[in-house]
Amino acid sequence: MLTREENEFLCRTDKGTPMGEFCRRFWTPVLLSEEIPEPDCPPVQSKIYGEELVVFRTTSGKVGVLKEFCPHRRASLFYGRNEEEGLRCAYHGWKFDIEGNCTDMMSEPADSNFAGKVKILAYPAQEAGGFVWAYMGPPELQPPMPQLEYLTVPENQRKTNKVLYESNFVQVIEGEIDTVHASILHSRLDALEKSATATTLAGRYSYRDIAARFHVEDTEGGILIGAKRNAEEDSSYWRISRWLFPWVTMIPREPHGSCRSGLIVPIDDENCWFYLCRWNPYGPLDEEWNEAPRSGMVPGTWLGKANSTNHYLIDRQAQKTETFSGIPSAMGRAQDAAMTDSMGRIVDRTEEHLGTTDTAIIRMRRRLIMGARELEDGIEPYAASHPEVFKVRSGGALLPREVYFKDDPVVWDDITVA
Amino acid sequence: MLTREENEFLCRTDKGTPMGEFCRRFWTPVLLSEEIPEPDCPPVQSKIYGEELVVFRTTSGKVGVLKEFCPHRRASLFYGRNEEEGLRCAYHGWKFDIEGNCTDMMSEPADSNFAGKVKILAYPAQEAGGFVWAYMGPPELQPPMPQLEYLTVPENQRKTNKVLYESNFVQVIEGEIDTVHASILHSRLDALEKSATATTLAGRYSYRDIAARFHVEDTEGGILIGAKRNAEEDSSYWRISRWLFPWVTMIPREPHGSCRSGLIVPIDDENCWFYLCRWNPYGPLDEEWNEAPRSGMVPGTWLGKANSTNHYLIDRQAQKTETFSGIPSAMGRAQDAAMTDSMGRIVDRTEEHLGTTDTAIIRMRRRLIMGARELEDGIEPYAASHPEVFKVRSGGALLPREVYFKDDPVVWDDITVA
Amino acid sequence: MLTREENEFLCRTDKGTPMGEFCRRFWTPVLLSEEIPEPDCPPVQSKIYGEELVVFRTTSGKVGVLKEFCPHRRASLFYGRNEEEGLRCAYHGWKFDIEGNCTDMMSEPADSNFAGKVKILAYPAQEAGGFVWAYMGPPELQPPMPQLEYLTVPENQRKTNKVLYESNFVQVIEGEIDTVHASILHSRLDALEKSATATTLAGRYSYRDIAARFHVEDTEGGILIGAKRNAEEDSSYWRISRWLFPWVTMIPREPHGSCRSGLIVPIDDENCWFYLCRWNPYGPLDEEWNEAPRSGMVPGTWLGKANSTNHYLIDRQAQKTETFSGIPSAMGRAQDAAMTDSMGRIVDRTEEHLGTTDTAIIRMRRRLIMGARELEDGIEPYAASHPEVFKVRSGGALLPREVYFKDDPVVWDDITVA
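Residue numbers (the numbering used here), protein chains in the order written: chain A, 210 to 627; chain B, 210 to 627; chain C, 210 to 627.
Heads up, a few of these hints could be off.
Since the list can't tell identical chains apart, any single copy or any two copies may satisfy a pair.
Cross-link-like lysine to aspartate or glutamate pairs, in silico, DMTMM-like; alpha carbons within 20 Å at most [to be verified]:
hint	residue 1	residue 2
1	529	249
2	326	441
3	271	586
4	276	561
None of these hints come from the bench; they were simulated from the model.
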């Protein structure tokens, strides 16, 4: 439970808010690279932390992130012409480069030096891992990129995706680090019965002992979560997940299996993007997406076909006979979104009742709030300036009963990037 | 005319408002029984007095009315599983019975006693007359059900229905007890001409003398309205209607004819449900609905096909040559809704000009306001705890000029339930 | 740049605001005459300066402009019956004439004198130039109609039209008097190349010297704008436009060519109507509309088919190879609307950076603000009571380099109505 004030503090990220300033200390994804696929392609709008931006790729292939509105008379640069290393407003042809300089002003006399006095707000931008990233914090504090493994693996070892959520980013993060709901919300009704013949640890051991015991440890990058279930007589099944500042998640995986991470970025206080990366640290990634395949999205959007307007296509007959939720799994993360979005745009945490399996959630909130409070006191976030703290993975393991997951060297190796 | 303050006082029913608390002293319909047709069928959302609720039918057929959001992390129980005498949240499987007890908590360890400490807000609920009713007031003051005749007649003697209005409940009540507009808004242009051969009192005498004289009397249950029109040389036509606390209406009828009552329940301050019952006190009801047949509703909703988005399908040619309004009558109470909804979500009563035919409206408002003010002073509403005051009907009569409608024993017998 | 306070002062026109009161001193178009084409035709809703109105044509052909809501219980008179010199409410049949008198009250007794005590707010109305005009200011100050030429030319010499903008009226006015953007936003990519063979002054000289030098003069009616471009070695091309109080614009034209004027009327603070008139002062008007043909509107509305919901149908390929904007020109003024509406409903003028070509815009704002401030001080607007100040046209001319446009008698004759 949070007080109303804590909840507001936690969730609001507009410019000038404590959490907004905290988040802006980190490089933030603003688009998938594929959304601006080639030089001089059409610019794309992106709202991040409540700020309207326009993102474009220059003639030489660089990415630019500008405030959406032309500084002249505020027409949207979304309608602009992307040409010769700059974005030109369609209204009077003012042209801006990726650093925000006005490089041409065709509406003013040739001998005018007005262009030299005009700048548009431009954020430093770069590409990594299939995402376009911007840094929206104080220029003098620009940090290095986080050393997330999936930003550097070869392209054939990763896939990226993106889904719109109609709720605040914190409750979506909470869903990600809440590994217990996977055995419930996402389960089939015959999951326990079929577990005997399952070929994965998750399939075999997630349903016999649902109420996992949580072990949460603070790390410099965020938190490390071990959720322990009884497996065989003498063994435990550990599901190991991560939350990293300020909105990075990594859900449990099979030992040495492929990985998945979420980047859960505020659009504004009532909507967020769920950027996903699936990657294989060890070789080519052949797997299909099973959470949010492109065919499950409303065409031309990043909204799942199963969404709030159609009650996430819940099938009450399927809910009775096949799956726990009755909601399809391949229509844009619909099962998760139905939970997260139905709480209301910003969930009222003064009314919640947290249990032992919410331990990770409690810790994540505390770290986020503490980080933003420290920043208010002038203490810059450690993780922003120490990119190596992001060199981690999630994990999964079957271990003898008495072994703590972190103490097993093979597990440790698997959840740490060399 | 009301002051702005009076108008606010009269119309607002959220939790904690004087009128909201007053209304919550009465059993309130939250659904039609047919909306949850069988044991363990899908739960249904219902917002009443601004409170989001979920309504469901248990395995044993009982009805439950819970707050919509799971007390754990506030996911909507609308997506829940209705199974084995309880509603189970789809997120982590917390299960609640109709009294709000948490009867299972699969996400917590088996030896946890957390479930015993968690409750969801549950309102007492029951079914009567084809409606699901909830009591949303203080538990210690739970009253008996109102002894409305149509809650106890055999099922073949009644029919129920429901229509969405996009405006505050009070102005919809006002339309119901405003019996004069029937001779105008709902009339055909040849009504007067055809009245000579009409077979009903209403058809014969509603159009010759439109500006009825109103006689309004306070009753313990609300008000009794007699609207007197000249009929033949020596006779009067009386249209007799009722308003009962806090939102029950009964419009005039033919002598000993079938009856109709409205239950006009706030969804929130800007929308309301019009629950209808048509019943025959004396035998089977064979009549068709002519106000809001199901075929006239937008499929899958309770909104009339003629609604604000299409200007209630007004046909200007029909308005010139056939009917007074040009609006169809069988598309979800469209003629009434066009008037009530076009006033604005909450009509500005500081700008109105009431005439003699608004006498009943003035009295109804005064009773409602007085009731809510008395409750603020600690005086509980008499009608809530005296269910017998609802044992009444509306009526209609042709009487000698000098006879007051209440003084005629046949009429009195017809508008009173034995 | 304006301060936030100045921007609010400039843009807000609800009843009681300084700019709203200033605008209400002038006759204001509320509909096209063609929208109420014949006696006793259906009434039409129109919101102007934030006030909901209903406009109708009586049996004898006069136009009436009333507040939309019946003074009885506030039902919308849009649903009313238009019959025998008055508009009758569909609810209880109260009937009002164009002066706001209640001429019949069928719901009250025949001997009642209540009708005589009830009035509805009625604004003086008249037709001119294919528009219905209302005067919404203090009755005792009702001015004569502005002597705009197009209000008096024969019908075959003019055409009228109307388009919805989803933004505040001031930024739409700014677009109209910003004659430089025509050479940019509205240009084809081969405009300069084709200018050598162009047959109009605009086609020949708008693209060689885009950054025109502005000469703006105050007039009693508003401002007169001359934008000077180098043409041939020894000549200048002048584009001459007008802004007249409070929202009349006239864009440049060919010498002695047909004219165009805009009447940019607030619906509310976030939407406006662009009423257009094209006229030929000298003879029949044969030209087609090329800005907002009726076939380019969403059927049944005055919204262009290219609008904010579809990003104004921008064609990025066309933007690369054919036109500067890629936005179609004949879908409801889409190129202009994309600029004006994308600024936000009310553009934030605290963030703008104005150049030399914004001189006219700066002057127009100053005159509007000054006019409204003077009115606050009790000084009535001169232009409202001096209709002859509207006897002007815009213009265009090719003149020797040293001649100032106003000093050429042929030009002066062309931009002045005798």
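Hints, one by one, checked against the model:
Taking CA atoms no more than 20 Å apart as the test, residue 529 paired with residue 249 passes between copies only; the shortest distance there is 9 Å, against 52 Å inside one copy. In the homo-oligomer, the alpha carbons of residue 326 and residue 441 never lie at most 20 Å apart, since the shortest distance is 71 Å inside one protomer and 32 Å across protomers. Taking the shortest alpha-carbon separations for residue 271 and residue 586, neither the intra-copy value of 36 Å nor the inter-copy value of 57 Å comes in at or below 20 Å. Taking the shortest alpha-carbon separations for residue 276 and residue 561, only the inter-copy value of 13 Å comes in at or below 20 Å, while the best intra-copy value is 38 Å.
Checked against the numbered hints given earlier, the structure breaks hints 2 and 3 and satisfies all the rest.
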